[in-house]
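Novice: Each chain, written out:
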Amino acid sequence: MGLSIEDITYVYDSDTAMAVNALNHITTTIPDDQFIGLIGHTGSGKSTFVQMLNGLLAPTTGRILYNGEDIHGDGYDRKQLHANVGLVFQYPEHQLFEQDVITDVMFGPKNLGKNEEEARQAAEEALSRVGLSSEYYKSSPFDLSGGQKRRAAIAGVLAMHPKILILDEPTAGLDPRGRDEILNLIRKMKEEMKMTIVLVSHSMDDVANYVERIMVMNSGQIALDGTPNEVFAHVEELESMGLAAPQITYIMRHLKDLGMDVDTTPLTIEEAAKEILSALKGH
Amino acid sequence: MAQRSTIGQYYQTDSRIHRMDPRVKLIGTFVFIISLFVVNNYIGYVLSGVFLAILIANSRVPFRYIVRGLKAIVFLMLITVICNLFLTKGTPLVSFWKLTITYEGLDFACKMAIRLMFLIIGSSMMTLTTTPNQLTDAMESVFGPLKVFHVPVHEISMMMSIALRFIPILTEETDKIEKAQIARGADFESRNLMKRIRSMVPLLVPLFISAFRRANDLAMAMEARCYHGGEGRTKMKPLKYRKEDVASYIILAAYFVLCILIRILGSRVDLVRFL
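Residue numbers (numbering that gives the first Met the number 0), protein chains in the order written: chain A, 0 to 282; chain B, 0 to 274.
Next up, chain A with everything else stripped away, as it sits in the complex (with noise of 0.2 Å):
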């Protein structure tokens, strides 16, 4: 079922000179077992809309829907709600608090009402598929290198075992090996676990060899919404939001108009490799 959004608005500070619209009139669903890509510029609402996604902020009209009810109707488990659609923020130095890393992530569940034994084992287990082996465990979570923080941020929120996760920038300021490694991560957490990954991000070049569905906002609303293929082939408009395609799709496209006749949808080096080949093969 997932999550139903129903023509949500959302206005900051609207009894001010400061008001703004920060989400106009989103209409979209979110489905089980799904990747999605969340692209936008800066200040397009991407923050905003997450946030609504699992209740931290409620809409100023309209309403969301998880699994057919209304998540801020009264009476509505707001708590579960935030266990099953996990939010991991930009900064793991917002969420790391305990004095190691184990009992960090063990707090998620410890909250959901999971008695010492059950929160370590789901704790543990969160920690496994991050990729942080138990000689980790007991050791601060302010010494771990960046990276490490972010898996161990993610595995804080895993462990509460959402049905949908959403992932804020999760590979903003990591290095490209480490920005590969989180993205390889979430994919086969995604493969697993069977959920539905709501990947946040401005880089087109993360997402696109990734996802299998591209939401791209543009000042508080879904100005493309599709596979990564369908998105791409309206580049001018991404251009104009201040977006890109991702690089190699400009190559492809260069080469087309250069008269070579390859096909523009591969997204990834390899792919495309092939498809010049075959099309270098094919004179």
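Simulated from the structure, these hints should not be mistaken for lab results. Incorrect hints may have been included.
[As the list claims (entries may be wrong)] Computed Cβ-Cβ distance ranges for the label pairs, DEER-style:
(1) Q98/A to M221/B: 31 to 41 Å
(2) Y75/A to F74/B: 29 to 39 Å
(3) A57/A to Q8/B: 16 to 26 Å
Even glycine gets a Cβ: it sits at the ideal position worked out from N, Cα and C.
Use these hints to put chain B onto chain A, whose structure you have.
Specialist: Here is chain B on its own, set in the frame of chain A:
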């Protein structure tokens, strides 16, 4: 948390009061606060009220916005008013059960409420119309003479401006941390007091760590730009009085003299009535 108190915030707009030299506003605020304690009868409060009203009208800050700042002190005001109302001895006005409201109590409570309200509005007029940087510049200049007594005026004002600058940053950070922890099922709204205090740990630890990190970064950045204290340091925008500022000082002085006159005359009137 959506409706934060507006006390101490800056309201961005362009007005006569906003353009005024911050030193005038700083001294003006001191004078206004003192005047509230000089004045002790209702004629005086009417004068202060009119003065304040003119100020607000000229500042272009919406009145609604200013009043919202008062919310924070409603509780304090209620306590003061109730205490004064019931605990002042004098001529009884109404009395029920064991409580008596006296004429003097009512009089005193009213005055106290007006005084507190004007005090808060008056001082928030300064912060609403002056950026923190202007304010600390003004402080450095006004308290400058204290350097003779080896008071580290520059350092104090630098510390203040840094502290003020960090308030919005840390507020925003608190908000983010709070959200990150709520997303992990943290409960900040428990009715149980002990639970509520304990729930602050996941909020405070990341906040402190981030504050220390920021302080470190800032110190490094300042050092990298050869900051070495106030000695021989010049300003990019030195404060200069303009005609309007001089006029403001004159108005301020006139207001203060009027307050003193009203007090002297007022007590004489009271004296006459008493005799």
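Novice: In ascending order, which of the hints set out earlier in this document are inconsistent with the structure?
Specialist: none
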